[in-house]
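J.: For reference, the chains in residue letters:
There are 4 protein chains.
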Amino acid sequence: MASTTPSLLSGVVPPVCTPLTPDHEIDARSLERLIAHLLDGGVDGLFFLGSSSEVAFLPDTHRARVLEIAVGAVAGQVPVVAGVIDTATMRVAAHIQEAAKAGVDGVVATAPFYTRTHPAEIERHFRLLRAATELPIIAYDLPVSVHSKLGGDLLARLAADEVIQGVKDSSGDEGGFRRLLLATAETPGFSVLTGSELTVDTAAFMGAHGVVPGLGNVDPHGYARLWDAARRGDMAAARAEQQRLIALFGLVDAGAAERMGPGSSALGAFKAALYLRGIIDHPVTAPPQIPLDAAEVATVRGYIERAGLLG
Amino acid sequence: MASTTPSLLSGVVPPVCTPLTPDHEIDARSLERLIAHLLDGGVDGLFFLGSSSEVAFLPDTHRARVLEIAVGAVAGQVPVVAGVIDTATMRVAAHIQEAAKAGVDGVVATAPFYTRTHPAEIERHFRLLRAATELPIIAYDLPVSVHSKLGGDLLARLAADEVIQGVKDSSGDEGGFRRLLLATAETPGFSVLTGSELTVDTAAFMGAHGVVPGLGNVDPHGYARLWDAARRGDMAAARAEQQRLIALFGLVDAGAAERMGPGSSALGAFKAALYLRGIIDHPVTAPPQIPLDAAEVATVRGYIERAGLLG
Amino acid sequence: MASTTPSLLSGVVPPVCTPLTPDHEIDARSLERLIAHLLDGGVDGLFFLGSSSEVAFLPDTHRARVLEIAVGAVAGQVPVVAGVIDTATMRVAAHIQEAAKAGVDGVVATAPFYTRTHPAEIERHFRLLRAATELPIIAYDLPVSVHSKLGGDLLARLAADEVIQGVKDSSGDEGGFRRLLLATAETPGFSVLTGSELTVDTAAFMGAHGVVPGLGNVDPHGYARLWDAARRGDMAAARAEQQRLIALFGLVDAGAAERMGPGSSALGAFKAALYLRGIIDHPVTAPPQIPLDAAEVATVRGYIERAGLLG
Amino acid sequence: MASTTPSLLSGVVPPVCTPLTPDHEIDARSLERLIAHLLDGGVDGLFFLGSSSEVAFLPDTHRARVLEIAVGAVAGQVPVVAGVIDTATMRVAAHIQEAAKAGVDGVVATAPFYTRTHPAEIERHFRLLRAATELPIIAYDLPVSVHSKLGGDLLARLAADEVIQGVKDSSGDEGGFRRLLLATAETPGFSVLTGSELTVDTAAFMGAHGVVPGLGNVDPHGYARLWDAARRGDMAAARAEQQRLIALFGLVDAGAAERMGPGSSALGAFKAALYLRGIIDHPVTAPPQIPLDAAEVATVRGYIERAGLLG
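Chains as they are written, first to last, in the working numbering: chain E, 1 to 311; chain P, 1 to 311; chain B, 1 to 311; chain W, 1 to 311.
One or more of the hints may lead you astray.
[Unchecked claim] Heads up, simulated DMTMM-like pairs for lysine to aspartate or glutamate below, C-alpha to C-alpha not over 20 Å straight-line:
1) E:K101 / E:D153
2) P:K149 / E:E258
3) W:K149 / B:E258
4) B:K101 / B:E134
5) E:K149 / W:E258
6) B:K101 / W:E68
7) B:K149 / P:E68
8) W:K101 / W:E68
9) E:K149 / E:E98
10) E:K101 / E:E134
11) P:K101 / P:D60
12) W:K149 / E:E258
13) B:K149 / W:E258
14) E:K101 / P:E134
15) W:K101 / W:E134
16) W:K149 / E:D253
17) P:K149 / B:E134
18) B:K149 / P:E258
19) E:K149 / P:E258
20) W:K101 / B:D60
21) W:K101 / W:D60
22) P:K149 / B:E258
23) B:K101 / B:D60
24) P:K101 / E:D60
25) P:K101 / P:E134
26) P:K101 / P:D153
27) E:K149 / W:E68
Just so you know, the hints here were simulated from the structure itself, not pulled from any lab data.
Extracted from the complex, chain E is given alone in its bound form:
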């Protein structure tokens, strides 16, 4: 299952939250502190402008600013990949061009959305993106947002043809994930990463190359310990760390489902935790998301206190 070509991404690659000021501008100082916090945590790569980064909420100027800050602050210490999330090929290609200019090491692209796209058109989409850039492309499988699933055969074919250099699987289809791992095991340099922060120990056991944990913003050290234990083959230690992080993950439900969407609750909770930990200056999410109220922030505080992450 090993290959000699090094893959772009492996290990713990958090999708970095995007700190905002109260008037919804990029909070550069907070973003730099967050990046330092993640690097200090021992992460292996950083993914900017993903769903956990509120990419869908950010105008292009904000996106450009994030990448500018990110590339500068990371300064080559770990690989930086950028989400190029948009509705269809030409729009995604425009984001890729901007990301390339910013100096990222790779891009992360979904299938088209908003449109109803045939699998053959999804395949064409990725092949056209490949023709448009030299950068490594990670396919992002996120049916909850994109409303289509990237098929296992399609991904294996795109991997074999070197159209894509990896997959971030947030589909929740663990069987499909595992079949993909086996199908691409011989493809040199190909990375398969899970987007599930609750099954990192088992994903590693299955042979996954890495994880993209939203919760890794809050506790990168925990994910680094978890991944390290799994890599050493100490599955009991990995499981114990994973179970600690599962308990912490409960904070994503802090926001009342009657008042806000599940994303607003989770992203609001991540940012509240980072704020309470002193890493970012404002627990502000982008509009039109409803913010957590004081009681909900107190709930988040309880979670991070119990996880030993305060003070």
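Starting from the structure of chain E, add chains P, B and W where the hints point.
T.: For chains P, B and W alone, kept in the frame of chain E given last:
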């Protein structure tokens, strides 16, 4: 059911196709000819950058070019509205700003998509857009793309508060459409338009203010006759014209469902028909859509021949 | 568009509610009174064991009892059709056999559900049912429950081959409904009925053969007047009656969406209205549906008072 | 995480295929042979009338016959549970009564389907079932069929209140599965089983009590070895066995997706494999499923040959 405030949009308001060159640039001359064709057909307004305009496939530079050409070519003869389709509030607001600069008369906005947005957040989205612009805002209800439905109570509330000045209903929920018509009947200047090209006669009978027919690109004269008959109360004539257009509408299925998405088939067929009628120079759709093949174009030709639209 | 073969179903064919006793047995006397009320209202047929009859909640013994009472009470005054709603072919065929024994005039069947069924298998399903019975079969298109849509081509083919003798369309796809009407206009004796109680005037105008209005339980006289006006070509009168019924339809939202499903609210409201009108003895719905509370019943009372249906 | 109350179900509990004769009657001798094959394979329990048993396709007489044969053939060697799959509470309760009469050890019930049921109504459903039987109830979470997901909080509450005695999770939500395992870890005698045949090693590692593998019909010995290795803590051996079974699992895609649903392909392949292995007499699936053709059966043969299961 009458009101004295004139509404921005009424009658036949086609969502204008976006002609492209073979290398996927905006084909300005074809777009100007298409606009002339639609105005000649007697349309009452024009909607650029909607779903039928392939807005989701077009980068921002293309979007800007379309509006520039459109505002110039229409030159105030009928109202021009622009789709400001994007994933969430700040991105939509950026498009509104561009559309305002281009000089459009109103904008058409959906609920957020890609994100999972709570109804309260959808309401906040529209209220924030209202705070960001002086332009009339038409809410676009398109669950097949947006994956959420705008509730009738929400729309009535936004109408009463003058947050939105109209609705384009492409939800296919005729009962909800009708309840909305009754609920907003006393709201001055509020427009409710149907996006269904197959039920224009009955929509007019229910009190709808207008229609946004994709097929109106191909046969604007037919839709103008249909609307005119319905407005005169000649329902039998309206129905006969509608049934003729329903037969013509069969061309949207020209593309093989095994090879392409339903949108690619419909938009490919509209453009093929416009090409065969000599109105646009290239029957080209934006990537990654699969184009119609020669046999499929011949199918389209059969439809427009039988409809008496060739030669 | 006319044919000489008489169709089984036309006009107003309410899906008859199933009155229950407080311990959830069939309330025979109430059902007989409800049937008398509907016949007095001037309905043209009766549909038992449909979704509005809570068929999915009733065990087979209840289903048999309903048909026994129904066939006896209707006594041939109008056609009686029975829902044979179940997950797949052999189960549906067993219900058809029971319905035939009970003496109904036709059956109403959906595509398979619970299973994920290919369109070719849906077609096979209806063809196997045809082979299993002499009774007319009405195809029931209800994607909200069945989670697949009966395609227009499939229905037209089944109609042409005399596999099915009609369609009850509750899909909400008015364009598809209309295309189906045109596609089957020459098929002798074929009925296309709409399940939407809010667009009966326009469905009649389009050429629909009838309507299956759940709200027709509450106000059959209104639907009979509406249909009669539409049939006479008095569209203004039909529309006025339809708009009165749309206002009445508001009662379906009486139940709080925070506490119960939309079906529980609508069926609870229909039964509350029938109870308040003195037609059934108990406003009881089948478990596990949450019943309306007193305030919600008062809301229903307001609707039927305003509609002039009380006292 | 251990408890002293023994749980009803643990280990490998295949959902037993239902062998049919060519005229779609229950093939008793084949079913008996299949049961013997599974017991010989070392399974820990048997689940009849689940989705893999084609329960949704079988009339009640077939269901009764299956349980009669099953209880007789198993004769107490392992626990027998029966699916009581139906649309709502009273129908499910009727199946429970039949299953109890047949002498099963527990029942497996889903949330209501076909109806649109509120979470509070789903909870009421399970509580009413509990009131109706003494038998252990396993909640079956199968959103792909039921179109709603059983929430983690709901399941934990039903477990704590002893309404349900276990969960069979076929939701594919591994994070939720794991959170449920942790939330119910202290509930005496409560079983959490995974329905995914591709992640049994990792499910065991997470603390799952057992697995319900459809593929276990074809290779029960493999699943028994896998479970045994995992239980011994020999994760490397478990993974090797799991990967062998993942390769074998490829047979579920033998049927062409253009011709049949995914269930028809998988169930057709399981039965073809059992037929080729000489365990059942006919590779017949229930209508309206499209059967595998000769080439597709040959594909299945290839899989079981490569897995060393032929001859």
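J.: What hints, given by number in increasing order, does this structure fail?
T.: 1, 6, 7, 9, 14, 17, 26, 27
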